[in-house]
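Just so you know, the sequences run in chain order A and B.
Per my numbering: the first sequence = residues 1 to 248.
Per my numbering: the second sequence = residues 1 to 579.
I should point out that these hints are in silico values taken from the structure, not numbers from a laboratory.
Heads up, a few of these hints could be off.
[Claimed, not checked] Derived DSS-like pairs: lysine-lysine, alpha-carbon spacing no greater than 27 Å straight-line: (1) A:Lys161 - B:Lys325; (2) A:Lys184 - B:Lys400; (3) A:Lys200 - B:Lys13; (4) B:Lys83 - A:Lys182; (5) A:Lys141 - B:Lys519; (6) B:Lys400 - A:Lys16; (7) B:Lys362 - A:Lys184; (8) B:Lys362 - A:Lys161; (9) A:Lys161 - B:Lys400; (10) B:Lys355 - A:Lys161; (11) B:Lys218 - A:Lys223; (12) B:Lys83 - A:Lys184; (13) A:Lys200 - B:Lys11; (14) A:Lys200 - B:Lys416; (15) B:Lys83 - A:Lys200; (16) A:Lys219 - B:Lys136; (17) A:Lys124 - B:Lys218; (18) B:Lys136 - A:Lys200; (19) B:Lys218 - A:Lys200; (20) B:Lys424 - B:Lys400.
[To be verified] To spell it out: a stretch of chain B is covered by chain A in this simulated footprint if at least three of its residues, at any positions, have a beta carbon under 8 Å from a beta carbon of chain A; those stretches are: (21) 108-115; (22) 383-394.
[Claimed, not checked] Not close to chain A: a few residues of chain B, all C-beta gaps over 12 Å, as computed: (23) Lys11; (24) Gly30; (25) Arg63; (26) Leu71; (27) Lys355; (28) Ser364; (29) Gln491; (30) Lys519; (31) Asp533; (32) Thr554.
Since this is a predicted model, take the numbers as computed values, not measurements.
Note that the Cβ used here is the ideal one computed from N, Cα and C, for glycine as well.
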Amino acid sequence: MPAILEYHEGNTILHKANPLTKIFIAIAICAAVFLSSNIYLSIALILLSVAIGVATGLARLVRLLILGLAGLGIVMFVVQTIIIRDGQTIFLFMTDEGIRRGIKVVLRIVGFALPLIIMLSLTKITDLTNAAVQKLHIPYKFAFTITTAIKFIPIFAHEMKMITEAQTARGVEFDTPNPFRKLKLMLPLMAPLLISSVSKADDAALAAEQRGFYLRDDKSAFKQYPFKALDFALMGVSLLLPIIAFIL
Amino acid sequence: MTIFIKDLSFKYKDAEHFALKDINLDIAPGDFLGIIGPSGAGKTSLASSLSGAIPHHFRGEYRGQAQIGELDTYEASLTDISKVLGSVLQNIDAQIVAANVYDEMLYGLENFGVNHADIPRIIDETLSRVGILELKDREIMTLSGGQKQKVAIAAILALNPQVMVLDEPTAALDPASTENVYEILKTLNQDHNMTIVVIEQKVAHLAEFCKHIAVMSKGELAFYGSPKEVFSHSEELRAIGVDTPRVTRISNSLYEARLSEKNAVALTVSESLTEIDSLLKGASKDSKLSLGDEDLSSPHAHTPKPEEQVLNFEHVDYIYPTGLKALSDVSFDLYAGELLAIVGQNGAGKTTITKLTNGLIKPSAGSVSICGNNTQDARTSQIAQFVSTLFQNPDYQISKNTVLEEVAFSLELLGKSTEEAQSKAIEMINNFGLDKDAAPFTLSRGQRQLVALASTLVTEPRVLILDEPTNGLDYQECMRVMQIVKDAQEQGCAVLMVCHDMEVVSDFASRVIVMANGKMLANGSSEDIFMRDEVLDESYLKAPQVMQVSKALTHKGYKAYHGVSEVSDIVEITKQAVM
Chain A
1 MPAILEYHEG NTILHKANPL TKIFIAIAIC AAVFLSSNIY LSIALILLSV AIGVATGLAR
61 LVRLLILGLA GLGIVMFVVQ TIIIRDGQTI FLFMTDEGIR RGIKVVLRIV GFALPLIIML
121 SLTKITDLTN AAVQKLHIPY KFAFTITTAI KFIPIFAHEM KMITEAQTAR GVEFDTPNPF
181 RKLKLMLPLM APLLISSVSK ADDAALAAEQ RGFYLRDDKS AFKQYPFKAL DFALMGVSLL
241 LPIIAFIL
Chain B
1 MTIFIKDLSF KYKDAEHFAL KDINLDIAPG DFLGIIGPSG AGKTSLASSL SGAIPHHFRG
61 EYRGQAQIGE LDTYEASLTD ISKVLGSVLQ NIDAQIVAAN VYDEMLYGLE NFGVNHADIP
121 RIIDETLSRV GILELKDREI MTLSGGQKQK VAIAAILALN PQVMVLDEPT AALDPASTEN
181 VYEILKTLNQ DHNMTIVVIE QKVAHLAEFC KHIAVMSKGE LAFYGSPKEV FSHSEELRAI
241 GVDTPRVTRI SNSLYEARLS EKNAVALTVS ESLTEIDSLL KGASKDSKLS LGDEDLSSPH
301 AHTPKPEEQV LNFEHVDYIY PTGLKALSDV SFDLYAGELL AIVGQNGAGK TTITKLTNGL
361 IKPSAGSVSI CGNNTQDART SQIAQFVSTL FQNPDYQISK NTVLEEVAFS LELLGKSTEE
421 AQSKAIEMIN NFGLDKDAAP FTLSRGQRQL VALASTLVTE PRVLILDEPT NGLDYQECMR
481 VMQIVKDAQE QGCAVLMVCH DMEVVSDFAS RVIVMANGKM LANGSSEDIF MRDEVLDESY
541 LKAPQVMQVS KALTHKGYKA YHGVSEVSDI VEITKQAVM
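Could you build the full structure based on these sequences and the hints that come with them?
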């Protein structure tokens, strides 16, 4: 199973682009999704994200994301159609306005999550930190905190997997086909996960300090992260997306 | 660079007792110091006070002085101390900052302002010194435990410290990787005169590699000296809860039996052989030694005749979703009342076997059946009626707020009423000597392991799976856990144990399966397996010390030692021959 937010090795144009360029592209796509009031354009933007994912070798991850987001999307869709009572009832309790807004919410969730996760999967977290410190002059401590939080997500995912395995082997019905029951079973396990995370974070802080964390500044990084022609081209093209979305 | 520790005491903030009490210890440049002691004895606290983590990271009441060369650790900053003293923490996953090996190496070098022009050369040199240059561009996620440990060591080594402090660097490693890490430390110590301080539970390695040993007990320094001096006190060490290498125990026993005038305190197998050999030379040749008619060779003879089959693997293959083959054509049976140990390197397929047994994964080909039920059609939570698993890390298992709730929960999951579950749980908890109202996460690692074990055994499983049950435990805890397992086994529970500690395997297993690269190499009694050099070589295993000694003596013609696996038997045979 491909892990979420872990770096995926590759040799495509996007792998080679500046880390900040990739974040820029993700934000541009998100902005376009946000500005777009046209359902077809939103679908087109999602298809663009999927295409980028497939082209950069993340097909498995994209499929997994779509399945996961579809589940969340269905729940959000139903909630929207229940809340929104404007317009004419056309199916059970659902109104036409409710359905329209429901679809919009679903498209936004998918349209936001996909580009961000795909771009983060194409970027090494250390590169992103270094580039942000070097080019954007973000204080290192600040950048480290954020990137460490991102780094811990796959570690938590792994821990959660180990915990659910251990509990399943004990007889907790994590293998139930009912997703609500599964969610209910998972909540009590958050406590042990949090406790182990706090002690991990503390170890990580100590280890970083013992390797000169406080000495680091914007000139420390060995690798340089210059913007090349490729980066400007990619940023230029992606900047068109929110503009088009705004006009349409 | 000499390290002085003078009258050092430390109490963690909010703690009741001092973690360190009046420690006095000097470490000379180029020393190789091993620190051992039961859990909670203050080993990690001592290491933290060397690295400056005490008092700079962990706050509390601090008395006395620790000095690293010119630096007083109380006054110098953590960063300044880490320029001369490198620490490899126990939790290396938390220590690693980068996604690949090269970036991990860069981190410290960049921070300490090493000239950028020198960095590529330093990285290559350091990786070569640790023997992992070929891993330079690898993703850390794809590395094995042993490789990761070497990366953690290399990342610190690159900063060129004069002292290196390592906290249980081999706790999660298989025997071959453990050996490897110690060889690296030895080279650094000998060829580069680097001072090495290592916290370790594996006494055989301490005895072989260290120049000095410090034994901690309840925050105090209980023993200090050369390995020979320290391990000659095996009785006192046992009372503290510290093991002694088996070969040293042989020496100590021979000395106590007045067979040798001076205690030779053998630390390695070869020293032990030399000692016993010289004692036997004085023995009369017509002794029973060469005949081997004494039947001391099967200490596990009490194993009941297997009758009831509880687990059956029939030509099992397992292929990961990624297409990698983890197991091929594995077939074996497990009977009630047996303790079957699965041994082999990391990645040999041992954990895969346990997961196929408790149903977390299903075979790709062949079949697994538990008490007559094929696991293919059963849900994991159904298989849990027959099988209980003690996972390597007890924290994955524990989910409740008190020990009682935790242990009772196992029974409730199997459909027992709360009342019945509670009364059975209380009985179990009392047997284990645990406090039923304690919060599991406030207990020590060893105690948490016992809580997890209690909640696996309380269901009276037909099959008990143990995944590295002694990992991270001190000697006393290890013996306690294994004794409980043995009691369960004698009451008819079938035990399937994955274990890296060949001494535990030799002491407790009634049968052993050797795995290598997903294939089963051998299946037999531990005495039989540990005599077969070709199997051991192919699986990168070593026989336990006592078996190495008895095997070598047998080869020399002293047939009476054939298959002997216990210290007391070696001593007894030698005694009869010499007296």
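Ascending list of hint numbers which this structure does not respect: When the structure is compared with the hints, numbers 4, 5, 6, 11, 12, 14, 17 and 27 turn out to be violated.
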